[in-house]
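Given next are the chains, with one letter for each unit.
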Amino acid sequence: MVHFTAEEKAAITSLWGKMNVEEAGGEALGRLLVVYPWTQRFFDNFGNLSSPSAILGNPKVKAHGKKVLTSFGDAIKNMDNLKTTFAKLSELHCDKLHVDPENFRLLGNVMVIILATHFGKEFTPEVQAAWQKLVSAVAIALGHKYH
Amino acid sequence: MSLTKTERTIIVSMWAKISTQADTIGTETLERLFLSYPQTKTYFPHFDLHPGSAQLRAHGSKVVAAVGDAVKSIDSIGAALSKLSELHAYVLRVDPVNFKLLSHCLLVTLAARFPSDFTAEAHAAWDKFLSVVSSVLTEKYR
Numbered sequence: 001m002v003h004f005t006a007e008e009k010a011a012i013t014s015l016w017g018k019m020n021v022e023e024a025g026g027e028a029l030g031r032l033l034v035v036y037p038w039t040q041r042f043f044d045n046f047g048n049l050s051s052p053s054a055i056l057g058n059p060k061v062k063a064h065g066k067k068v069l070t071s072f073g074d075a076i077k078n079m080d081n082l083k084t085t086f087a088k089l090s091e092l093h094c095d096k097l098h099v100d101p102e103n104f105r106l107l108g109n110v111m112v113i114i115l116a117t118h119f120g121k122e123f124t125p126e127v128q129a130a131w132q133k134l135v136s137a138v139a140i141a142l143g144h145k146y147h
Numbered sequence: 001m002s003l004t005k006t007e008r009t010i011i012v013s014m015w016a017k018i019s020t021q022a023d024t025i026g027t028e029t030l031e032r033l034f035l036s037y038p039q040t041k042t043y044f045p046h047f048d049l050h051p052g053s054a055q056l057r058a059h060g061s062k063v064v065a066a067v068g069d070a071v072k073s074i075d076s077i078g079a080a081l082s083k084l085s086e087l088h089a090y091v092l093r094v095d096p097v098n099f100k101l102l103s104h105c106l107l108v109t110l111a112a113r114f115p116s117d118f119t120a121e122a123h124a125a126w127d128k129f130l131s132v133v134s135s136v137l138t139e140k141y142r
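Protein chains in written order, with full-length UniProt numbering: chain A, 1 to 147; chain B, 1 to 142.
To be clear, the hints were calculated from the coordinates, so they are not data collected in a lab. Since the model is a prediction, treat every value here as computed from it, not as a measurement. Careful, some of the hints might be misleading.
Unchecked claim - Straight-line distance between alpha carbons at most 30 Å, and here's what the computed BS3-like set of lysine-lysine pairs gives:
no. : chain 1 : residue 1 : chain 2 : residue 2
1   : A       : K9        : B       : K41
2   : B       : K41       : A       : K62
3   : A       : K121      : B       : K83
4   : A       : K83       : B       : K100
5   : A       : K9        : A       : K83
6   : B       : K128      : A       : K133
7   : B       : K72       : A       : K83
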């Protein structure tokens, strides 16, 4: 199990509390699809993904981004217990969605960059390190049930 | 993989803004790298890596200056970084995985300092540009 110090937990929860999860979710998924266009392979039925503005304005991208980031909120409530928390989702991503776990790492890094744009100076190297630890642990938890 | 005209324009125009803070950007990037990815410190046993150390500042400047060289010769990055490429292949031998980590930390630094400029499109252009730079620096590895 990954262990988060009190400082790391504080760095994570304080920023999370200030985030608009709905907006940030759409932004995160949108940026993933823009910066790493091959990730669009999972979203053939999302309609217009033909340009950065089309992607970022796409209502399906926004809705799905919100879903993903809301789920991430569960991670934050269960930082000491990520593998159990994401066991079912891990199975889903393997058996039904067939998502390469590398994509979890890509999304995690995109989220970190979005936090940087939102929080600027407040997103210090120390705060970033706590978040990198979290996104990495979530990615590992989501890949844990793959077979 | 090569950069489109639009991508080059984005990089070059943002660089004009970035270069005014080049030194502190370099230092911050390295601080982020060593904190988030402590294993990268193994390449610097001879350095004082405490935040604010003179060596950290000097090395940060060096790294960002090299990125600047790549921007200034964005149509011929291979030629511009040829000596650096040899240095990394024959002397430094930094494992290729680390270029992604450093690139990510530079992107985070740029995103934190220039949030309104760091749009999704700019993010994509910079990610690709640093990926090209990383490829050049590892192309002589074997």
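Status of the hints after comparison with the structure:
Between A/K9 and B/K41 the CA atoms are separated by roughly 24 Å; this keeps the pair inside 30 Å, and the hint holds. With a C-alpha separation of about 39 Å, the suggested pairing of B/K41 with A/K62 is violated against the 30 Å cut-off. A C-alpha spacing of about 35 Å is found between A/K121 and B/K83, which places the hinted pair above 30 Å, so the restraint is violated. For the given pair, A/K83 sits about 26 Å from B/K100 by alpha-carbon distance, which is consistent with the 30 Å threshold.
Annotation: proposed proximity of A/K9 to A/K83 holds, straight-line Cα distance about 17 Å (limit 30 Å). For the suggested pair B/K128 and A/K133, the alpha carbons sit about 24 Å apart, so the restraint of at most 30 Å is met. This hinted pair does not check out: B/K72 and A/K83 have alpha carbons roughly 47 Å apart, beyond 30 Å.
Violated hints for the displayed structure, listed by number in ascending order: 2, 3 and 7.
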